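Asker: Spelled out, the chains give:
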Amino acid sequence: MGVGIEVINLNAWYGTNHTLQDINLNIPANHVTALIGPSGCGKSTFVRCLNRMHETNPIARVTGTVLIGDLDIYEDANPVEIRRRVGMVFQRPNPFPTMSIYDNVAAGLKLNGYRNHRALDEIVEKSLKNSALWDEVKDDLKKKSGASLSGGQQQRLCIARALAVDPEVLLMDEPASALDPVSTAKIEDLIFQLKSQYTIVIVTHNMQQAARVAEKTGFFLNGRMVEFDSTHKIFTNPSDKRTEDYITGRFG
Amino acid sequence: MRARIRTLTDGTATGLAVLSTILVVAPLVAIFIYLIYKGASSLSWAFFTRNPVPVGEMGGGMANAIVGSAILLTVASLIGVPVGISGGIFLAEYGRGTKLANAIRFTADVLNGVPSIVMGIAAYSLVVVPQGHFSAFSGGVALGIMMIPTVCRTTEEMLLMVPNAVREAALALGVPNWRSVLAITVRTASPGIITGCMLAFARVAGETAPLIFTAFGNVGWSGKLSEPIAALPLQIYVYALSPYDDWHRLAWAGSLVLIVLIVFSVALVRYVTSRGVLKGAS
Chain A
5 MGVGIEVINL NAWYGTNHTL QDINLNIPAN HVTALIGPSG CGKSTFVRCL NRMHETNPIA
65 RVTGTVLIGD LDIYEDANPV EIRRRVGMVF QRPNPFPTMS IYDNVAAGLK LNGYRNHRAL
125 DEIVEKSLKN SALWDEVKDD LKKKSGASLS GGQQQRLCIA RALAVDPEVL LMDEPASALD
185 PVSTAKIEDL IFQLKSQYTI VIVTHNMQQA ARVAEKTGFF LNGRMVEFDS THKIFTNPSD
245 KRTEDYITGR FG
Chain B
26 MRARIRTLTD GTATGLAVLS TILVVAPLVA IFIYLIYKGA SSLSWAFFTR NPVPVGEMGG
86 GMANAIVGSA ILLTVASLIG VPVGISGGIF LAEYGRGTKL ANAIRFTADV LNGVPSIVMG
146 IAAYSLVVVP QGHFSAFSGG VALGIMMIPT VCRTTEEMLL MVPNAVREAA LALGVPNWRS
206 VLAITVRTAS PGIITGCMLA FARVAGETAP LIFTAFGNVG WSGKLSEPIA ALPLQIYVYA
266 LSPYDDWHRL AWAGSLVLIV LIVFSVALVR YVTSRGVLKG AS
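If you read the sequences in order, they're chains A and B. Note that my numbering has the first sequence beginning at 5, numbered continuously upward. Note that my numbering has the second sequence beginning at 26, numbered continuously upward.
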């Protein structure tokens with residue numbers, strides 16, 4: 005099951021660049037929340053702060069509080085533990101190139117010392133079914149490399165890989181921006197199905213996509229969160245002038 | 026008109042590329058053919074099964090030198106490969122941008138340029154003098170140290186070629202960093218790392234100078250790492266400088282065997298390590 009996320013006074017820097025300023029936000033459990041905004045507005049940095057990937061860059065710094073369920077991720081836990089509870093799908097599909105499809109999905113568990121092979125088979129099958137890829141790859145699981153799949157299939161493989169470690173939250177950083185419309189539609193269907201089991205946060209450049217998949221939408225601009233509300237409200241009757249300008253295409 | 030000029034330019038460039046390739050490959054092929062011409066006639070069963078015999082006696086072989094070279098190269102690889110790969114992993118994954126890493130990289134590059142005879146003297150003073158005698162082990166140390174810079178720098182380069190997205194993917198799954206480095210990054214770069222190891226191996230396999238003060242050579246069998254041991258390059262060196270025609274022929278045969286053994290071991294490692302590669306793996 006998914007858990008809610010509470011963000012209090014979150015600030016982030018890359019070197020001297022203050023990329024996120026005083027973000028406060030409540031992301032509801034088992035819903036899809038979309039983050040929109042022009043390039044460089046900090047939305048990717050924001051999701052990377054939710055699983056402590058931001059700090060993997062040596063010049064990056066974070067202050068503030070992020071609660072994933074009851075867990076204060078910057079106080080109570082180490083990054084490795086958090087990343088198992090908060091899965092992530094990246095903009096460009098990034099399967100492990102030397103691993104088979106099966107090993108890609110099993111990687112998160114295997115590399116954490118999981119050795120129960122029968123259970124692993126089941127988890128791999130379930131994860132691939134959840135990511136709607138099973139029927140396309142079930143005959144080549146151990147024969148083909150993850151890199152041999154098409155771009156859209158690779159992205160669904162990456163989703164399966166993230167689901168296999170059984171996270172509570174799934175972060176998706178522009179998961180469909182490198183994909184064609186058919187693959188994009190598949191990913192969106194998938195997001196719709198997955199929200200019953202996970203809390204999903206999706207960063208997107210594509211406003212129609214946000215409108216299609218998300219119940220809640222946040223608008224980021226220049227490192228600040230301008231507005232956060234129900235998707236319907238953001239797209240039909242935004243409170244802030246800047247949000248309105250952005251969604252009506254006056255800038256960005 | 027323009028199209029014709031382009032076709033012509035294209036043809037010239039292709040021609041030059043082919044010509045350069047031939048120029049690069051030709052000496053190698055020429056050496057190999059010459060070795061076969063000079064050495065193949067002296068190859069016999071005895072060459073592989075018998076030890077050298079005293080001057081004046083006909084026959085004899087290099088069995089001890091072949092085995093000796095194998096032992097020396099095993100010791101060298103056991104030292105050079107793990108140290109070199111660990112160093113490369115440090116440079117690419119942990120020390121990026123640090124002063125220590127820059128110092129190590131610089132040292133490795135200098136070490137790569139040190140003449141091999143100096144490496145022999147170093148191993149002599151480090152191992153032979155304290156032990157009080159020449160030994161196979163000291164020869165292996167000299168060759169092993171020579172392997173380190175090549176293995177280290179190619180490992181680093183190959184690891185740097187692994188896209189950062191692959192590292193991020195592993196970290197985002199909650200895989201601890203050390204595990205991600207070993208199981209994901211190094212594994213992704215492994216074909217290149219293996220090539221680096223084989224380059225280093227092939228290079229030291231033919232080294233003579235570092236062995237003169239260390240392995241020393243031996244006319245008979247030596248099964249112990251603490252004793253002087255024969256090696257193909259040493260044996261070739263001694264035989265080639267001798268005034269005897271019979272020894273000259275053996276030196277040619279030894280050279281041929283040395284090259285074939287190097288090619289064979291490189292091919293074997295490549296075959297063994299490429300078996301697990303999957304369809305479509307990049």
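It is worth saying that the hints were derived from the structure and are not from the lab. Keep in mind it's a predicted model, so treat the numbers as computed, not measured. Treat the hints with caution; some may be incorrect.
Unchecked claim - Each pair of labels, with its calculated beta carbon distance range:
#: 1; chain 1: B; residue 1: E182; chain 2: A; residue 2: E140; range: 46 to 54 angstroms
#: 2; chain 1: B; residue 1: N127; chain 2: A; residue 2: R96; range: 51 to 59 angstroms
#: 3; chain 1: A; residue 1: E59; chain 2: B; residue 2: N127; range: 18 to 26 angstroms
Stated by the list, open to error - One-sided and incomplete, this derived list gives chain B residues near chain A with beta-carbon spacing under 7 angstroms:
#: 4; residue: A126
#: 5; residue: A194
#: 6; residue: P201
#: 7; residue: V206
#: 8; residue: V211
#: 9; residue: K249
Unchecked claim - Some chain B residues close to chain A (C-beta under 8 angstroms, calculated; not the full set):
#: 10; residue: G36
#: 11; residue: E118
#: 12; residue: G120
#: 13; residue: L185
#: 14; residue: M186
#: 15; residue: A190
#: 16; residue: V191
#: 17; residue: V200
#: 18; residue: R204
#: 19; residue: I209
#: 20; residue: R212
#: 21; residue: T213
#: 22; residue: G217
Cβ coordinates follow ideal geometry from the N, Cα and C atoms, glycine included.
Asker: Run every hint past the structure and note whether it holds.
Answerer: Verification of the supplied hints:
1. B:E182 - A:E140: 46 to 54 angstroms: For E140 (chain A) against E182 (chain B), whose Cβ atoms are near 36 angstroms apart, the range 46 to 54 angstroms is violated.
2. B:N127 - A:R96: 51 to 59 angstroms: violated (31 angstroms)
3. A:E59 - B:N127: 18 to 26 angstroms: holds (24 angstroms)
4. A126: With a closest approach of 13 angstroms, the A126 (chain B) hint is violated.
5. A194: Status holds, d = 4 angstroms.
6. P201: Cβ of P201 (chain B) sits 5 angstroms from chain A, so the hint holds.
7. V206: violated (11 angstroms)
8. V211: V211 (chain B) check fails; min Cβ-Cβ to chain A is 10 angstroms, beyond 7 angstroms.
9. K249: violated (41 angstroms)
10. G36: violated (36 angstroms)
11. E118: This interface hint is violated because 12 angstroms lies over the 8 angstroms limit.
12. G120: violated (12 angstroms)
13. L185: violated (16 angstroms)
14. M186: violated (11 angstroms)
15. A190: holds (4 angstroms)
16. V191: It holds, given that the least Cβ distance between V191 (chain B) and chain A is near 6 angstroms, below 8 angstroms.
17. V200: With a minimum Cβ separation of about 4 angstroms from chain A (threshold 8 angstroms), the hint on V200 (chain B) holds.
18. R204: At about 5 angstroms, which falls below the 8 angstroms cut-off, the nearest Cβ of chain A leaves the hint on R204 (chain B) intact, so it holds.
19. I209: Holds - the Cβ of I209 (chain B) comes within 8 angstroms of chain A, reaching about 6 angstroms at its closest.
20. R212: Check passed: Cβ of R212 (chain B) comes within 6 angstroms of chain A, closer than 8 angstroms.
21. T213: Constraint on T213 (chain B) satisfied, holds at 5 angstroms.
22. G217: Interface hint status for G217 (chain B): violated (12 angstroms vs cutoff 8 angstroms).
Hint compliance for this structure: hints 1, 2, 4, 7, 8, 9, 10, 11, 12, 13, 14, 22 are broken, all remaining hints hold.
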